[in-house]
Amino acid sequence: MSRNAGGSRVRGPNSALTEFLRERGIDANAIRHRYEETLQQQATTSPDTVVTVSGSSATSRSLSRDEVETTVSSSSRSRKRTKKKHEDSDDEGELLARMTRPRPGQIDFCAECQCRFTVTAYSKTARDGNGLLCHSCGSKYAQEEKQQKKTQISSRKRKKSIAAALLDKQEFAVPKLQDLCIKVIAKYIEDVEILGDIGDFNMEKIARILSRNRSLKDNTLKLFLNPSIKRLHFWDCSNLSSDSLELIASYCPLLESLTLSMCGQMTDKVIDYYSTNLRNLHSLTINGGFLITSGCWVRFFDKIGSQLVRFSLANTLRFNRESLQALVRNCSATLEELSLSRVGSLKNEDIPLLLQLPKLTALELSYMRDAITDDDVIDLLRVIGPRLVTLNLDDSGDLTDKFLLEGVRPYCGRLQNLSLALCDGFTDAGVRDVFKDWEFNNGLINANFSRCTNVGDEAIQALIDHSAKTLVILNLNSVYKLTTATFQLLASSDCEFLSQLDFGFVHCVGDEEIEVLTERCKSLQLIEAYGNIRITELAKVKRGVKVLGRQSDSL
Amino acid sequence: MSGENSSKDSGDKEYVRLVSSDGFEYSILRSAAAVSGTLRGMLSQSSNFVEAKQNRVVLPNISGVLLEKVCEYLYYNLKHQNNPGNIPEFDVPPEMALELLVASDFLDGKDGSIRSE
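Protein sequences appear in the order of chains L and D.
Be aware that the first sequence starts at 1, since it is given in UniProt numbering, and climbs by one per residue.
Be aware that the second sequence starts at 1, since it is given in UniProt numbering, and climbs by one per residue.
Calculated from the structure, these hints are not laboratory results.
It should be emphasised that the depicted structure is a prediction, and the values quoted were computed from it without experimental measurement.
Glycine is no exception: its CB is placed at the ideal position from the N, C-alpha and C atoms.
One or more of the hints may lead you astray.
[To be verified] Residues from chain D shown here face chain L by an in silico Cβ test under 8 Å; the list is partial:
{"id": "1", "residue": "77"}
{"id": "2", "residue": "98"}
{"id": "3", "residue": "102"}
{"id": "4", "residue": "105"}
{"id": "5", "residue": "108"}
[What the hints assert, rightly or not] In silico BS3-like pairs for lysine-lysine, Cα to Cα no more than 25 Å straight-line:
{"id": "6", "chain 1": "L", "residue 1": "187", "chain 2": "L", "residue 2": "149"}
{"id": "7", "chain 1": "D", "residue 1": "79", "chain 2": "L", "residue 2": "176"}
{"id": "8", "chain 1": "L", "residue 1": "169", "chain 2": "L", "residue 2": "183"}
{"id": "9", "chain 1": "L", "residue 1": "160", "chain 2": "D", "residue 2": "79"}
{"id": "10", "chain 1": "L", "residue 1": "347", "chain 2": "L", "residue 2": "402"}
{"id": "11", "chain 1": "L", "residue 1": "150", "chain 2": "D", "residue 2": "79"}
{"id": "12", "chain 1": "L", "residue 1": "269", "chain 2": "L", "residue 2": "303"}
{"id": "13", "chain 1": "L", "residue 1": "149", "chain 2": "L", "residue 2": "160"}
{"id": "14", "chain 1": "L", "residue 1": "347", "chain 2": "L", "residue 2": "359"}
{"id": "15", "chain 1": "L", "residue 1": "230", "chain 2": "L", "residue 2": "217"}
{"id": "16", "chain 1": "D", "residue 1": "79", "chain 2": "L", "residue 2": "159"}
{"id": "17", "chain 1": "D", "residue 1": "79", "chain 2": "L", "residue 2": "157"}
{"id": "18", "chain 1": "D", "residue 1": "79", "chain 2": "L", "residue 2": "183"}
{"id": "19", "chain 1": "L", "residue 1": "176", "chain 2": "L", "residue 2": "205"}
{"id": "20", "chain 1": "L", "residue 1": "522", "chain 2": "L", "residue 2": "546"}
{"id": "21", "chain 1": "L", "residue 1": "222", "chain 2": "L", "residue 2": "269"}
{"id": "22", "chain 1": "L", "residue 1": "359", "chain 2": "L", "residue 2": "303"}
{"id": "23", "chain 1": "L", "residue 1": "159", "chain 2": "L", "residue 2": "169"}
Please construct the entire structure, taking both the sequences and the accompanying hints into account.
Structure (structure tokens):
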């Protein structure tokens, strides 16, 4: 308290605050003096305090600390309130409290058991803030504090794990024994010699976990290969060498459906080997096989193209016109589902080749901005549109209303799944005119208009009017122009099958809308609401409906 | 909870007995056994199975060590199913994970909806 009392010029290291206060001429003694004066003024009303103030300096010190500490330890809200009122006295009080604490080495009396003890830097303050505690009393409280902290941490952990389960779109429940086992197996997969007869379903689960952990390697791959298997799905093959990828065909010659994602090490040799060995293959999905040349694809289709029913390719620059020509030449009789995503080597003059695939029921040409134009796609739909059930043209920014009005509306009578994410060429009126009185089509089951930023209320309301009875999945992520009217219509139009709804970043949606929606749409299970700041934890969501992305979940 | 129970049949309907392939018997609460879809079906009073009449299930494909772990899980699930928020980890020894997976697949019953009725 009296650091400078002797007027000594010798000073130890100072904090920036002390330096600042000294520069301003703010002195601890002066503050204390002023504080005691105010106390005295207050004391005129209550006789109790008069006694303490006029009493020994020790008691007055403890009283002042008492007052100060209670303000400090009270809840932050009430603290703010008091701070507004007595900002000055509070600040001074805190300073005082810091100064009046006995320094380590001093002798003090325990606030609890009144015994004499030496103050250390670790001495605890009493619960009521009045005085310090001796070692034995302090450690007693420390135990309780520890317990408190433990429960705090565990409750935080719990909230976190609930939020994590939510993100995986899973119910938060006691884990199944199967899942526990699978987790352990995936963890120790390096030590497993053979998986044995655990069933295809469990195999696939383990494969998924390994892919997610990035631990699907040459040695772990062999655990999944056996001669009788007909379906294989690996989602992360980045650690598999081309030799291992070849092994798949030699170990599992009966494969009918094969999915390989992120297979950056796959070479021509592997695909050539597949085409000679996989006699029953009818469904192939290759993602990220960027080393495979166009010539190899031509050989592949010439060899087993005539048996392919599904073909899906993504993320490559080497699948070009020649490859596509080979595909349509060989697969025209069988191919029903074709998906080309981020295949940058295809140009818009290649799209008409698809006219020769009359059996197509599902077509995806996504993320190929330059290749997709109105006229080409309209010509295509004129031929294949009547059979199409699924159409995905995500990120085709050059498409305009013309495509919708002259392609989709007149030809796509069977269409059930329509995905047009990131297509910002459509206008509100254009989309409205497609769905308005579109009796030719019986209704969409899955509609994706996410990030169609020029689409607004009229379009989506027309869609709801048209497909309310059939919609199961509706994605309106980032359709900024929507207003609450659309969501009121959605709630009132009795969408009995609607189970998944995404309106992330549609700012108009708030607690009220979400409550009505979950109340009225009986099948609703999942709502994705990322970036909807008006949805709070107070929203009363019906039991069984998962709401993803609320800010309050993760805080 | 677990451990060999060699006492004679008490006739207490609250408890059922699970018998492992190597002859170990575990006497557990009926409600714990009902966590497993397969066991619940076998022990269901409405059924006419021998298991339901004797309150005793012989599991010839599950060894004693494994069955003990299974019983442990059944009680773990029973204890926490109403409060899944703050539960301790269930320890699965790596060396029995694969066998336990097969056993749990058998015991859970194929249809997941059986469990959540």
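For each hint, the structure was consulted:
Hint status for residue 77 of chain D: holds, given a least beta-carbon distance of 5 Å to chain L, under 8 Å. Because the smallest distance between the Cβ of residue 98 of chain D and any Cβ of chain L comes to about 6 Å, under 8 Å, the interface hint for this residue holds. The restraint placing residue 102 of chain D at the interface with chain L holds, with a minimum CB-CB distance near 6 Å, inside the 8 Å limit. Because the beta carbon of residue 105 of chain D sits about 6 Å from the nearest beta carbon in chain L, less than 8 Å, this interface hint is met.
The interface hint given for residue 108 of chain D is met, as the beta carbon of that residue sits about 7 Å from the closest beta carbon of chain L, less than 8 Å. Only pairs whose Cα atoms come within 25 Å are accepted, and residue 187 of chain L paired with residue 149 of chain L is rejected, the gap being roughly 31 Å. A C-alpha spacing of about 14 Å is found between residue 79 of chain D and residue 176 of chain L, which places the hinted pair at or below 25 Å, so the restraint holds. Distance hint between residue 169 of chain L and residue 183 of chain L is fulfilled; the C-alpha atoms sit about 18 Å from each other, no more than 25 Å.
Of the pairs offered as hints, the one joining residue 160 of chain L and residue 79 of chain D holds, with about 22 Å between alpha carbons and a cut-off of 25 Å not exceeded. This hinted pair checks out: residue 347 of chain L and residue 402 of chain L have alpha carbons roughly 20 Å apart, not beyond 25 Å. Between residue 150 of chain L and residue 79 of chain D the alpha-carbon distance is near 22 Å, which keeps this suggested pair within the 25 Å criterion. The hinted pair formed by residue 269 of chain L and residue 303 of chain L meets the criterion: a straight-line CA distance of about 14 Å does not exceed 25 Å.
Between residue 149 of chain L and residue 160 of chain L, the direct Cα distance comes to roughly 16 Å. Compliance with the 25 Å bound is thereby established for this hinted pair. Between residue 347 of chain L and residue 359 of chain L the CA atoms are separated by roughly 23 Å; this keeps the pair inside 25 Å, and the hint holds. Annotation: proposed proximity of residue 230 of chain L to residue 217 of chain L holds, straight-line Cα distance about 21 Å (limit 25 Å). This hinted pair checks out: residue 79 of chain D and residue 159 of chain L have alpha carbons roughly 20 Å apart, not beyond 25 Å.
A hinted pair counts as satisfied when its Cα atoms are at most 25 Å apart, and residue 79 of chain D with residue 157 of chain L qualifies at roughly 20 Å. Restraint check for residue 79 of chain D and residue 183 of chain L: the C-alpha separation of about 22 Å stays at or below 25 Å, so the hint holds. In summary, the hint linking residue 176 of chain L to residue 205 of chain L is supported, as the alpha carbons are separated by about 13 Å, within the 25 Å threshold. Simply put, residue 522 of chain L and residue 546 of chain L have alpha-carbon atoms about 13 Å apart, close enough for the 25 Å limit, and the pair holds.
Under the criterion of a C-alpha separation no larger than 25 Å, the hint pairing residue 222 of chain L with residue 269 of chain L is consistent with the structure, at around 19 Å. Proposed proximity of residue 359 of chain L and residue 303 of chain L is supported: the alpha carbons are some 20 Å apart, at most 25 Å. Between the alpha carbons of residue 159 of chain L and residue 169 of chain L the distance comes to roughly 15 Å, so the proposed pair stays at or under 25 Å and holds.
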